[in-house]
Amino acid sequence: MSESASANGPKPSSSVKLVLLGEAAVGKSSLVLRFVNNDFQENKEPTIGAAFLTQKCTLPTRTIKFEIWDTAGQERFASLAPMYYRNAQAALVVYDVTKPSSLTKAKHWVAELQRQASPGIVIALVGNKLDLTNDGGDSAGAAAAPQAESESVGEDGEEGAGEEAEGQLPASGDARKVSTREASTYADEEGLLFFETSAKIGTNVVEVFTAIANAIPESNLKTGRGAAGAGQTALGSRSGEDSRVNLGDRNAATAKEGCAC
Amino acid sequence: MMSLSSFVQKASSLIDPANFNIPSLSSNDNNPSKASLFRQQFRLPDSQNPLQEITAELILPLPNSSSDSADGSRRVDRAGNRYTGRLHLSERFICFSTQPTSFIPSSTLSASTSWTGQTHGTGPSGNGFTLPLSSIRRVERLHSARDVFSLALTTWNGLLNKQQEPNFSPQRLILQLVGSRQACERFCDCLKKGLREGMKEVDNLRSIVTDCYSEYLLSGTKAKDANDGEGRQPPDAGLGMLFRYPGDARKLRDRSKMRLWGEYFRENGRNSTLVRQPTFHKLIRVGLPNRLRGEIWELTSGSMFLRIRSPKLYEETLVKFDGQESLAIDEIEKDLNRSLPEYPGFQSDEGIGRLRRVLTAYSWTNAEVGYCQAMNIVVAALLIYMSEAQAFFLLSVLCDRLLPGYYSTTMYGTLLDQKVFESLVEKTMPVLWEHLAKFDVQLSVVSLPWFLSLYINSMPLVFAFRVLDVFFLEGPKVLFQVGLAILRINGEELLDIQDDGSFISVLKSYFSRLDESAHPRSENPKLRAITRFQELMVVAFKEFSGITHSTVTEQREKHKDAVLDNIESFAKRTSIRNLGPESKRLSADDLGTIYDRFYEVLYQWQQHQELAEEERMRMEKKKSERQSVLGPPVDRQVGRVGLGPSPTHMDYDAFREFLAATSKWAVSDSPAPARKDSSAPGYSSLRGNGKSLLWANRRQPADHEFMQRLYRKWATDPEEGLSLQNVVNGLARLKGARDIMNNINYFFTLYDDSGNGQVDREGILKMSEALLFLSRRGFEGTITATQSLEDLNNPRGSDADQNRLTTDEKFLGSVSAFIRRCFEYADPSHPDNQRGVFSDSTTEVTEKLDSFAIGDDDEEDLIDVNDDKPQTSSAAVSSPQPTESSEKSRPRSESANPALDPNNPLHITLPTFRMVVLADELLEQFFESYFPQSFHLSDHPHPASLAASSSLSSNLTTFSNIGARASASVVAGAPVAGASGGIVPPGKGLRGVLDNIVTDGIRMAAEVKKRMDDAQRELERNALGGRDEEDDEDDDDDYPSRQGASAAAMAGGISSWGAGAYGADPERRSVRDADRDLLEGAEAEVLSIRAPKEGASSPRARSPASAHDPEVVSKVVEFES
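Protein sequence lines correspond, in order, to chains Z and B. Numbered by the numbering used here, the letters in the first sequence go through residues 1 to 261 in order. Numbered by the numbering used here, the letters in the second sequence go through residues 1 to 1121 in order.
Extracted from the complex, chain Z is given alone in its bound form:
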């Protein structure tokens, strides 16, 4: 379907290397599978080294082809990661909203990327397995809830989303262990995009990728891969701002329209 969408109008197309990082079994591969095939598998083979997939994402002004490197999550594979995030223009750092340790690990990855990856890399922090929490449980409200969160993060910041999430913690059947506020505050501090997703029921998955596509500066795309990022340090400092601006854009135009998948 992505082909048909791109066929509608000859938009400029460019590829973006994106890497997924995060603790084992937080659902990195599942996120990708949802994004690429709109599918979900309960028993997904663990990723050995890294899996490679591609998917196109059509924005109003351009088409972006994601080259997705889905890395293995087991701790010891961490030393292989530099091989995969080399030259990446975007990164999804995934944690599991039901597992606090996974957020810690995610923070480590963010720090690693900020120091070692290409300057100007767009990083999105993604809390997956929203379906296991109350706010993600009903698929009807699922789409609305995260949107409200990201708005509240942007506008009244402290109060709204955080208290809401924390208030829900003791609720029965809610496996959430990482509050939205905690993660979003951290994401704000570090200038990251932030989403909570469910690869299982599809909440917010496409939105993540669309937001990343939007957040990637035009100038980073032209040359394609390899040269991207190199020598563009100036853009690096701005990427945080860009991302927030684009986050707003995404909320304005509904996400489903934004992406062809």
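These aren't lab readings, by the way, just hints derived from the structure by calculation. Check the hints yourself; a few may be wrong.
Claimed, not checked - Looking from chain B toward chain Z, a few residues come up when the C-beta cut is under 7 Å (computed):
1) Asp-335
2) Arg-338
3) Gln-373
4) Ala-374
5) Leu-448
6) Gly-501
7) Ile-504
8) Ile-567
9) Phe-570
Just so it is clear, CB atoms sit at the ideal spot from N, CA and C, and this is done for glycine as well.
Using the hints provided, position chain B relative to the given structure of chain Z.
Chain B only, in chain Z's frame:
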């Protein structure tokens, strides 16, 4: 042709110099590379060492059915097939191989090409056999007509089964030894010994062998014929028996393969007694039949030998660790449902259960590896063809030998082999390599899974197993050969790709079409019948036959360091980043230094202990055989972070090593005698070029109570040891604060054993001991109290050496004053006062004690000290409330009396301690700069530390000046007196402690003296000059006083304590006088304390007091004014 090659082989083996002087190797020959090469070649367990080797000719009886055609390396004559090669003997094995061996003692890695270089399909072990000695039933020496030394080995082949096979004749191997009679005899003796040992293992062997599918294969049909009712259950040949084996058995021609193998077994022995002939290698190349696959893998990889050694290990491990939990088990559990999920066996509880048990058992036996993703896939694949126990041992061989470091916690093996693979691609396919480089396609992102999961999840299973068949026989080079062949075959297409995506998709589609014809449009039907997989195998093993074990080994050596460095820098930055907020108080450089030093010490310490352990074992005459059957091979090299799981905690002894590398004071005073110039570093480094000398020799760590305290303080759990986090936190608290109060508090808490904010008498003495211990190697220029002023006042420039000396000496004085003051200001620990001085509400507090309660405010304490000299205007400047009534000091002095009574327990509190420290210029500086700075991290010892004096000292500058002035006029008898104030009244124990202090001081002084000898004359002259100058200098007379002190030290060579104790006229005194004086001074001091006010002043007036004693100072000033 056949005879020619045989001839050449024989000739070359005769030319081999090793044949002429056959090395007889004793069991303590520890040439690791030789032993490991030997084990590698014959796939022997790590416990085996090459004991004997000799050239021999293996003569096999002619097969009944001469089914296989003639082959190059064999000569057929009436007696049978003859092979020339080398016969080897280890503790439990006898091995024969036609492959020239190169692990003669002189061999190096690169010289090993000879045996690994010619493995065209025959594998490193070539033709021959690897027999456990337990499988040999009898050895006869044959008397032949010619003068030939012949042995006939009869094996247990086929005899360990209860049921006799029809037409069965025992396996008999004839070996003709070639060598001197003596060498042959020696070999036989050794063999005899081994055979006796081997007898003990026959039962093990039987238990393994009877469960081999080969035994069933050879006896199975007959059992049915015999109609004995039961019929034998086929042995476990993997999940495939329950869930079908992958692939189409007919298409794989499984049945005919089975027949061929049956025939081969009958003629050449089976399982543990199999003899490798060329047909063996060929049969493996065409793919193993399903039910024999597991057994042959076990045999060719050598894992069967491990199983024979400890047949019950697998089951025992499971039982032993039943119900226990570990991180590895959690990780395994996550992956059980996702291991070859497409194979029906792994959708069942049976299959998943087996997988769980094997992975779990292995994670227990090799906790260092634990569990690594990809192992689940590999083990799942193995379990299709083998029993759990077989898979367990094979996994062990994989992790330890075939894929070293692949699954370790750093996966260095994986990364290393990727580098090796890349370099091989560059070498063999430069055009493709350049193309990939041009488009920035990273090869390893594609090839890494090939290696890590042995192509199992890259190729369709049937083909992956074919690769495995050869891999287990020929070793890791197969993975490279296949990888290179894949790229070569797809070369054209790969030259068109421009990014990772298309690169991957080209290969993906290639793998999916492996079963198709390689030449679909060829006219030749034979050619058309060749599948792409067959083509791949041909290219891999023909075209890349040059890729040998030694190629791989060499390349691994070449890239090893770079790969490890990469991993380590990654590990380091990750680990440092994760150290938490406390660590932020240290600079990145410091953290880096701590990290490096921490692991350096840990690894060296570990190696040291291993060597010691080895030595101990040798002393106990134990065999070098290892206790555990499994686990990584012993490596006596210093470990590296990059190599895998690192030790994480250092015990106290390792901590001492760490400190010795960090702080000069932690270096032992009595280094090993053999070391040249070993006592020098400590002092010579003080002269300025400290760094090089400081880190030069290996430093023997000291052992001091202070270090133990530091260790206990830093450790979360002293039993467990110190983690990097502990060390970083410890140092961060010390060095990070840059705040004198923090440092003083820290030091105090080190001695606050009970944690109630009190340090008792014993503690006070220990503190002072520690102060001396820490300072005994000088101050590295950090304590130069009035140095700068002095420099200003001393236009001639000061001799650093002299200044240092006097600083050291003055510090001793400070310490003695410290003790005295501690006792003076200590609080009595009355039972009803146990709650601590901080509780002011205590009702029974006497008036005296009240004054102490006030003293709890450290600000006031500080002032109180100064209060004793109200006339000193400069002191007034420094103290916010200078005019506190002097009556207050009176009760305190009185209260000092009971403090000296041993029956009267006392303690000091933190505020008191602070006060006492701040009351002394040198101690103050000690805590402000020297103490934290004596822990050298990334900083350079000298210049920085001088500049780093913090703001706090500026408040007290005036105070320092007073001290300096005082020291000018009085060169101190008081310190000794002060110290002795503690000595005399208390009991023996305390005296002992103090004696130690004195001994320390004396030892130090002796060292000082040694270094002073050269400069003696000059110093004397200076001393005189200095005295002359005294009149001219108003503000700071520190310098001349130091001259006096150093002169004193020179004159007597007495302790620095003593040095402080001398009056202005040291030349007149002898050493003995000095000692006597020391004692007298002590008595005098006791008197002075007993009779508070007047007593205190009079002896001090006679033999003037320490420069840094404010009380004394005030009096001196009085006198002067």
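Checked hints:
| no. | hint | verdict |
| --- | --- | --- |
| 1 | Asp-335 | holds (5 Å) |
| 2 | Arg-338 | holds (5 Å) |
| 3 | Gln-373 | holds (4 Å) |
| 4 | Ala-374 | holds (5 Å) |
| 5 | Leu-448 | holds (4 Å) |
| 6 | Gly-501 | holds (5 Å) |
| 7 | Ile-504 | holds (5 Å) |
| 8 | Ile-567 | holds (5 Å) |
| 9 | Phe-570 | holds (5 Å) |
Consistency with the previously given hints is maintained throughout, with no hint failing.
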